[in-house]
Amino acid sequence: MKKLNNIMNVQLMRELGIVIVFVVILAILMILSPNAFARPANLMNIFKQASINGILAMGMMFVIISGGIDLSVGSIVALTGVVAASFAHPGEYPLIVPIILALVIGLFIGWFNGVGIAYGNIPPFIVTLGTMTMIRGVALIVSKGAPVFGVTDAFENIAGAFLFDTIPLLVVYFIVITIVSAYILTKAVFGRRVYAIGGNEISAAFSGIKVEKIRIMVYMISGLFAGFAGLLLASRTVSGIPTAGQSYELDAIAAVIIGGVSMSGGSGRWYGTVIGALLIAVIGNGLDILNVSSHYQLVIKGAIIIVAVLLDVKSKERTA
Amino acid sequence: MKKLNNIMNVQLMRELGIVIVFVVILAILMILSPNAFARPANLMNIFKQASINGILAMGMMFVIISGGIDLSVGSIVALTGVVAASFAHPGEYPLIVPIILALVIGLFIGWFNGVGIAYGNIPPFIVTLGTMTMIRGVALIVSKGAPVFGVTDAFENIAGAFLFDTIPLLVVYFIVITIVSAYILTKAVFGRRVYAIGGNEISAAFSGIKVEKIRIMVYMISGLFAGFAGLLLASRTVSGIPTAGQSYELDAIAAVIIGGVSMSGGSGRWYGTVIGALLIAVIGNGLDILNVSSHYQLVIKGAIIIVAVLLDVKSKERTA
Amino acid sequence: MVSVPILEMKNINKSFSSVKVLNDVQLSIQPGEVHALMGENGAGKSTLMNILMGVHSADSGEIYLDGAKIVNSNPKEAMAKGISMIHQELNPVLDMDVSENIFLGREIKKGTSGILSIVNKKQMRHETQKLFDAVGIDIQPSALMRDLSVAQSQLVEIIKAISISARIIIMDEPTSAITEKEVDILFEQIRKLRESGVAIIYISHKMEEIFSIADSITVLRDGQFVSSDNASNLNKDKLIKLMVGRELTEIFPKTEAEIGEVVMEVNNYSFKPKVRNVNFNLRRGEILGIAGLVGAGRSELVEALFGVHKSAEGSLFINGQDVKIRQTGDAIKNKIALITEDRKQTGLNLIASIEDNITIVSLDKLFPRGVINRHKEDEVVDKSIVKFGVKAASKKNKVQSLSGGNQQKVVIAKWLLTDPQIIIMDEPTRGIDVGAKRDIYLLIGELVKAGKSVLMISSEIQEVMGVADRILVMAEGRITGELERKDFSQEKIMHYASQFNRGKEDEETE
Amino acid sequence: GQQENGVDKYALMMSHMTNSFTITLSNAVKAAAEDLGVELVVFDGGQDVSKQISQVESAINQGYAGILIEPASVDGIKPAVTAASKAGIPIVTINQKITNQELADAFVGVEHVEGGEIEMKYVVEAIGGKGKIAFLLGPLGSDGQIGRTTGYYNILEDYPDIEVVYEQSANWRTDEALKLAENWLQTGVELVAIVANNDGMAMGALKAVEDAKMLDKIKIFGVDATDDALAAVAEGRLSATVSQSTEAQALAAMDALVKLANGEDVPSEIIVGHTLITKENVADFQ
Ligand SMILES: Nc1ncnc2c1ncn2[C@@H]1O[C@H](COP(=O)(O)OP(=O)(O)OP(=O)(O)O)[C@@H](O)[C@H]1O
Ligand SMILES: Nc1ncnc2c1ncn2[C@@H]1O[C@H](COP(=O)(O)OP(=O)(O)OP(=O)(O)O)[C@@H](O)[C@H]1O
Ligand SMILES: [Mg+2]
Ligand SMILES: [Mg+2]
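Residue numbers (this note's numbering), protein chains in the order written: chain A, 78 to 397; chain B, 78 to 397; chain C, 21 to 530; chain D, 8 to 293.
Mixed in with the good hints, there may be bad ones.
Once the Cα atoms are required to be at most 30 Å apart in a straight line, the calculated BS3-like pairs of lysine-lysine come out as [claimed, not checked]:
(1) C:Lys141 with B:Lys264
(2) A:Lys287 with C:Lys385
(3) C:Lys30 with C:Lys40
Since the hints were derived computationally from the structure, they do not count as laboratory data.
In this text the structure is predicted, and so the values were computed from the model without any measurement.
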């Protein structure tokens, strides 16, 4: 019995290292700023601020577990936001049109990335760097370089409304997408295959897995989530901004990797990614509240990311 | 004999796929714009514009061959540029001071990255994302957020002068750094070990190679080259700009990967990286000269990168 | 002749995540002896050697070299003290050439400026060629490791280890991927080394090898020291009993199964240039062996049949039906399984759990609605683990942490879970201990008894002869001979296996 | 508003803090707050509207007496402004009007269009009303870029002999502007002026033109009156820059915000004019 207990603890520590780090950082911020940081309204606020990056990170997680990378998500956010806003002017189209358009465009770009990688055999970094550049251009062309504004109230409410008058819809979407992603990754056969192709593509192919198909689907998921994030950002900012979403891909990748997913693919847990996204939001919010000047914020933010992952790695090593 | 010839050609095609793609793109641009693009002065201009990215790419190449990634180079460029410019005001310090400072700072940041990765066991993406953020903050703090200007003519001449009145020194540096890098990578023991740890870290360790030491040195090279690039950029723009170098890391990585170095490490040739850097510069220059509008430039640039690598991959597959 | 041992390991203890894998183990090696280290899969042999090399650190225990206590904290330190090792899991740097791999970490330099001095490539290739010539191996020093076969890679590893002028050479299953011709080369080298006073620690699951080369034998069982004795005091049965803890009768138990109708017919199968116009058929309840020398194209043939190579040509009939197999999924649908020869590359996802590996091919069958039921999966996997005797602390552990033999069992478990009709096994017993080998032979027997058919590639002639009902022999991509069980003989197989020129002549007349 | 040590706390939301203009502006607002005896906290939006919205939302939770905002986007910031006015917190936009300006309590600043017009008027004069010119634009879609470029074309309507041959974005960046100008100079087109949306890009163009030894043929113009640009104007290398009268903006804005917080009325629009800076008057600004 004792042995079993031992093993369980070790396992927990191993997997939850980053959770502990996260809790410690939360605790420090609460002590430093009990009146502001720890207030429920602010905690809800953090959740809200984590949502868009969290949604992107969920898609990115599939891609990285499969052994790839998706740099195009930031540009997808911009393009889908611009297109959605263009179709959300009062009295023109029903609300469903911009929603569907954002999702379909995201899905399509993801499909394009996936095909380039799976059938073109082009490195994921190059394909998605290429689409990142191209799609940014398309967003600028579509919007003629200027933000698209004048959207309906209904459109604004997509991200701006509340559930039960208390929970921002943004947070609801984040939670729903997390649950769906976690389900697919851990319960669905598809998720198992994503891990398999990331872990050893050749052995996956020998095991009858259609590697190309899975690969394309993974990028489609990332594209779809990015399209949804673009819709949400446009709704939240009540406009489609062609320069929006710049370097969002870095934050999304960082959330995933802070959460313990390996860049080389094949491993990682969904809740790590959630913690990663929350950690990034907490740092930003906490430093703002502590009134750290913005230049020093960069230094501290960078340091916290490194130290958080260092502690995670070391806690795993100790228990290994 | 015929068979040998055959093998030679296949080998050449395999390795030179991207060279051919490059030549084709050059030819197209020459046809489209014979009077402007094809002029010797412009060709030298392209070389000049490729230099800073080329130097960063050379350092990045070592990192990627060793199986890592360095996102911090753009921020290093900013910090070393700001510091160098601060010590280059007329009548304050001898010219050697800003030069040494830029190189030492770059080297130190590279060392820090390397230690975090080799001994901290933190994923390269995280460590260098962390330093990228931190160093950007430091650059802003040091410069108080504004460009540092008022440098000596001697400082301006570091990048601005010419060799034999014809070859810009920038190009000379790029060539020298390329030669040194190529030498280290292909001829020196150190280069073998970089390939070895990138190709199979375990096997390298089993063979008695000090993997940690090599890893740290690789990041130091990248940091050193980035420090030098920062010095050159500050000299070229006659000021130290704390926001300079943003997303330079993406261009450097792109140059390396377009040149055929695999993101997973262990393989790649130096001249591929040179071609990669030149290709990026050629695209930018060609589109500017053809006066393609900024929006469409993005679309075309992204498409060319994807297509270039696709053609490279396919030509290799056919001959393999 | 008890002199001072060149190496002594005393009271070595080692645990991985609180699972004890070495318990007070001892080992004593005399200079100039070949000392076999024996034990079942997972007994702790590789772990003990990795501790000696400084790859792992022991939890407690001492190591003495020439009577003086030493500590190795990394392989470089061990190598500096004259200890080198051929690792069980091959570890080439794939994108480097052969000579660079052989001299990895100790490159021949032109200058003396440390790691910035020039590598003398020419000299390295020259020296490599000399090493190869001296033992009669035909591999180009300038060839990329990536382009070598498994067998050639293993030869390179062997040459690499013996070219380091070491006083102690550890050989952890050096012959798992090579055939008798190369084994002979290796043994010749081992004898030469022994004469010059080098001590060899030799690990293998091939009994014949042990008794032909070993001077003394130490046996481990479940991480415990069992015994250490002169080889002359032991015989095969005694040794097996020490290893397994019980007697094993009959190494090749042959189950008689009823051989029925043709289930698979292969017509004119080609995957050029490795496989040329292969024709054969396989019957229900039959064990069909494929013998041949390394590089004969046996693996490529079965890979082509399994849909791995898109450019393969030819027709295939399963139960009389013409089937098109364009991808591995098609083969699996037609109830074919392929247990590949290289478990690390093609067989397993090393960073996934034992459980995930075992069920990966059968997910669609187990969970037709696409949703995984953990309880059901656990049940199925528990059964497999018991059935195939996979030794592991938990099914949630990564396959990576298993001993080589246990990894092989996971591959077999994974494929048999798909309930295949035709089971192709490419070197299925590579790296497997005697007990487990016998279990696999028994399993093959059970399979054919249940009306399934087995196509088995093996480079161990004894094994094919012991197990198969019929043997095909391949050379240079063609089937050069076919033998019924009553006609089996080593000479005949070797005769067919070395019919080289036929292939070339055909090529020229084509 | 909430009182800590009896001093009112105000928030300044900057779109970003990474160039001379934003740094000067935030420092000037800080100085103005100090003069008025109130506390000021500066937030950096990092050029990301959604981040700026989050910051305003946080500030509303923290009980600031008033919010001064330099918007990261003229449209996108609307939800934040709405939330502030709902919470009864006075909000003033500075430097940049927003689309739904009526939601805010006041605007203090300049009109980018006017800045562009002032710059272009001087360009026209300097080149004698004809010739080929090139535009260096800020990030496409940014308010400064759109406003100033519109200003350029407003003036050019009356000058058919001036031809805009190049119009590309260098994203406010010196190095990009340098490359772009170098490439333009390769084409052999005889430019007489390069007109930049800001001084950072103007300085890049200046370097390219000087390197090509063509400063006698091509004149360079910028906006922002950064220190290095002023120095270049004084040396006669840069033809002109346009000041956004940063200090005046800051003072007026802080003053208006404090008045609003204390229940006083202020005009809903306080426009501070741009000032053209050339060699003649540069000494007054250095
Ligand atoms: N890195 C590791 N982490 C966890 N367990 C390990 C690790 N390495 C080995 N083990 C376990 O230690 C035990 C001994 O393994 P080892 O590889 O030494 O066996 P072996 O005697 O070499 O077997 P084989 O004949 O199959 O190669 C096995 O149960 C194995 O699962
Ligand atoms: N040039 C090569 N490039 C890549 N893989 C190769 C190459 N040559 C052989 N291999 C692979 O190595 C494995 C073993 O090769 P080997 O030389 O044993 O060939 P084989 O034809 O399979 O021989 P055998 O008849 O012994 O099975 C096979 O899986 C084969 O696909
Ligand atoms: Mg072993
Ligand atoms: Mg084989």
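Hint-by-hint comparison with the structure:
1. In summary, the hint linking Lys141 of chain C to Lys264 of chain B is supported, as the alpha carbons are separated by about 8 Å, within the 30 Å threshold.
2. In summary, the hint linking Lys287 of chain A to Lys385 of chain C is supported, as the alpha carbons are separated by about 16 Å, within the 30 Å threshold.
3. Restraint check for Lys30 of chain C and Lys40 of chain C: satisfied, since their Cα atoms lie roughly 16 Å apart, inside the 30 Å limit.
Checked against the numbered hints above, the structure breaks none of them.
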